[in-house]
Amino acid sequence: MSGPSDYQPSNPALQWIERRLPILGLVHSSFVVYPTPRNLNYWWTFGAILSFMLGMQILTGVILAMHYTPHADLAFKSVELLVRDVNYGWLLRNMHACGASMFFFAVYVHMLRGLYYGSYKEPREVLWILGVIIYLLMMATGFMGYVLPWGQMSFWGATVITNLFSAIPYVGESIVTLLWGGYSVGNPTLNRFFSLHYLLPFLIAGVVVLHVWALHVAGQNNPDGVEPKTEKDTVPFTPHATIKDGFGVACFLLLYAWFIFYMPNYLGDADNYIPANPGVTPPHIVPEWYYLPFYAILRSIPNKLAGVIGMFSAIIILCFLPWLDAAKTRSSKYRPLAKQFFWIFVAVCILLGYLGAQPPEGIYVIAGRVLTVCYFAYFLIVLPLLSRIETPRPVPNSISEAILAKSGKAVASIAVALVAAGALFVGTLQDARAEEGGTKPPGNSWSFAGPFGKYDRGALQRGLKVYKEVCSNCHSLSYIAFRNLGDPGGPGYSVAQVAAFASNYKIKDGPNDQGDMFERPGRAADYFPSPFPNEQAARAANGGAAPPDLSLITKARSYGRGFPMFLVDFFSQYQEQGPDYVSAVLQGFEDKAPEGVSIPEGSYYNKYFPGHAIKMPKPLSDGQVTYDDGSPATVAQYAKDVTTFLMWTAEPHMEARKRLGLQVFVFLIIFAFLMYFTKKKVWADSH
Amino acid sequence: MNPDASTIAAGAPIEVDLSPVAEGQDIKVFWRGKPIYISHRTKKQIDEARAVPVASLPDPQSDEARVKAGHDQWLVVIGICTHLGCIPIAHEGNYDGFFCPCHGSQYDSSGRIRQGPAPANLPVPPYQFVSDTKIQIG
Ligand code: FES
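Quick mapping for you: the protein sequence lines, in order, are chains U and P. Read the first sequence against this note's numbering and you will find it ends at 687, with the numbers running on by one and no gaps. Read the second sequence against this note's numbering and you will find it ends at 138, with the numbers running on by one and no gaps.
Only chain U is shown next, with the shape it has when bound in the complex:
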């Protein structure tokens, strides 16, 4: 992309092609001999990381789409079955879901890099604006992708976000109807979101090509912000930049794999494991973490229309950045004041993200308003003003001069990158969950916790017994088939045992040749039958509260860990909120409500249930289920066993996930080291 190339392939066949379509020359000039500034640091590898992530998302997405059903009644189930039954379906889904977060994480780093080093300034304005367009497309894609699993957060996120458009005067309502394809978010909405979610990534890829094109016309910016002047200022793209980017990607993969294999649900919301229900709004609607700062801006403005305008202009304002900041010096390295304000701005964004996850009450609202003002002030007041009043430090004459001035602290910046990775990421998350007067459940030591966790087979088998004899009277387990009981990583029954277990159940089948429904003994391929024919029956038989399906219950329940525990959890891999909660509720029944708490008729007091009034009577008591293996027949033991069992029903492939995770980590660490030493060798004479 930098003019006609004099590249001549030696192979005659390639020569033949090259004369007709000079594509090899294009690749050669853009990615091989292309001169890149010698002084780029590791923040510049995020461009390559982003291209890699885009490829990853498209690849995993295309395969996921082969197994997904975009229908309001089937979408949730199809995602669950995909995770359970498709070969490595759990891996694909985790890669795609965590991939979205990592993509946004990388794009934020990339944008802040541009902001810090003034990469938007003359002559790179178009390059920058193309970047903002990519970011907008990414946000739309990410939002629509989050709707597809059709859980509670998907549904209500879609409702809240589409309703933003209703704030537009006069045409708002019709725009919203157009987005929905109906009178509310429903099946047509899901269908069109699926279609667009498949389309937009290819648009992104197209704009990325333009972005790279513009980059190769203007040339890369660099940490010192002076244009390369002589040969000495640059190195050829390959091998120098290629290998350095390779090392950057390898390090990034380590972080990515941490999420995929060990914390796949850390960035998600437990409520999204509850199927969408148009009749019930979850107590806190929280968007994905990467939208939180903008969500906070939306909520801090008390007027609906103004809030929506504020939120969108927070993004659009980036387009005008090249003209708002008129300072001649590019890099903040040489702008002492701009540097400080930059870091304040980063802190403001992170804090806004934190506030976006908090309930909109009291101090949070006020803090949100102050920070919103700060956000806009940075662009509208600070940057224009600084370009007038600041005296920058002298800029080096050339890149080689800058390199001579300092040598080798590249590794430090990668360390900073990783620390920032942890902090930034985690800084904006979670937290605003179901607490409403529930006591925090006590922690337990689970056999399946931690990087080497495994299910305790005995506990799984005992838990199955408890489920069968107690829970199954009211609760279904509809995503689990009898055959799963013999799967590796599960309770470990043999094929014959599974068949025998299944044949104890009566399964409704039909219609037969006479057109009648009939009952037959269960087979391994059948799913656990539900105790009630439909939700209404379940509701009617249980005093108005339908007992939830238990297949996903340990992932669908959680409680807020609060600051700073959720930071610690990232490193300790603690993610057993669900099991802790389930086991606490099973043991949290008390005969008499404490003084001052009144429990409505037909409900029972439970210490750990949010609001304390639970419709389920105390399900377990000592000695109720007999164990054959000599384990104590106590409520505590029952709770532990059945929770372990339910964790397995929610994550049947957990053992495979953690096992593969270990292998991937060993590989990635070795790979990263090799890349690092190769890079050192390649760059040996360039520093």
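Treat the hints loosely; a few may be bogus.
[Said to hold, decoys possible] Some chain U residues judged to face chain P by a derived CB distance under 7 Å, without partners named:
no.: 1; residue: Arg19
no.: 2; residue: Gly181
no.: 3; residue: Gly186
no.: 4; residue: Ala306
no.: 5; residue: Gly362
[What the hints assert, rightly or not] Here chain U is said to cover these stretches of chain P; the calculated rule only asks that three of the stretch's residues, wherever they fall, bring their Cβ under 8 Å from a Cβ of chain U:
no.: 6; stretch: 1-7
no.: 7; stretch: 17-28
no.: 8; stretch: 41-52
no.: 9; stretch: 101-115
For the record, the hints were derived by calculation from the structure and aren't laboratory data. From the three backbone atoms N, C-alpha and C, an ideal C-beta is built for every residue, glycine too.
Fit chain P with the ligand to the given chain U structure using the hints.
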């Protein structure tokens, strides 16, 4: 991309029988995928709704204008928060009406916005009484 014919057809009017709804209770029915609250208001709720000076409301509308004359005990509103579309909870909040859990909007016993970020009252869907105990929505 506007709604297709079947979606429009499914949005035809529905009839709801009110006789099982006792005073002080309410039911939620779905019409066009939207939840509709039908509340059988108590005397106290009606009086509260009529006692407030209309001009002091954020979206001024009298209670009489929001119910059908002669059926003052029945309030029929679309249960979608006018802020960003969550479903408010009935019989909660400080005004004996509805409370939206999402961003804390509160509506009174006439479904009028009293507090919070929502800009407008809960909308009243088109409906009429076909008999004393039956309404047609739509
Ligand atoms: S949606 Fe009801 S207050 Fe925001």
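Status of each hint after checking the structure:
1. The criterion of a C-beta within 7 Å of any C-beta in chain P is not met by Arg19/U, whose closest approach is roughly 47 Å, and the hint is violated.
2. With its C-beta approaching chain P no nearer than about 6 Å, Gly181/U sits inside the 7 Å limit, and its interface hint holds.
3. About 5 Å separates the beta-carbon of Gly186/U from the nearest beta-carbon of chain P, less than 7 Å, and the hint is met.
4. Hint status for Ala306/U relative to chain P: violated, with the closest Cβ pair at about 11 Å, above 7 Å.
5. Interface hint status for Gly362/U: violated, as the beta-carbon distance to the closest one in chain P is roughly 11 Å, over 7 Å.
6. Coverage of the stretch 1-7 of chain P by chain U holds [criterion: at least 3 residues with CB-CB distance below 8 Å; count 5].
7. Remark: the stretch 17-28 of chain P is not confirmed as covered by chain U, as 1 of its residues place a Cβ nearer than 8 Å to a Cβ of that chain, below the required three.
8. Interface restraint, the stretch 41-52 of chain P with chain U: violated (0 residues with C-beta to C-beta distance below 8 Å; minimum three).
9. Against chain U, the stretch 101-115 of chain P contributes 4 residues with a C-beta closer than 8 Å to a partner C-beta. That satisfies the three-residue criterion, and the hint holds.
When the structure is compared with the earlier hints, violations turn up for hints 1, 4, 5, 7, 8 and for no others.
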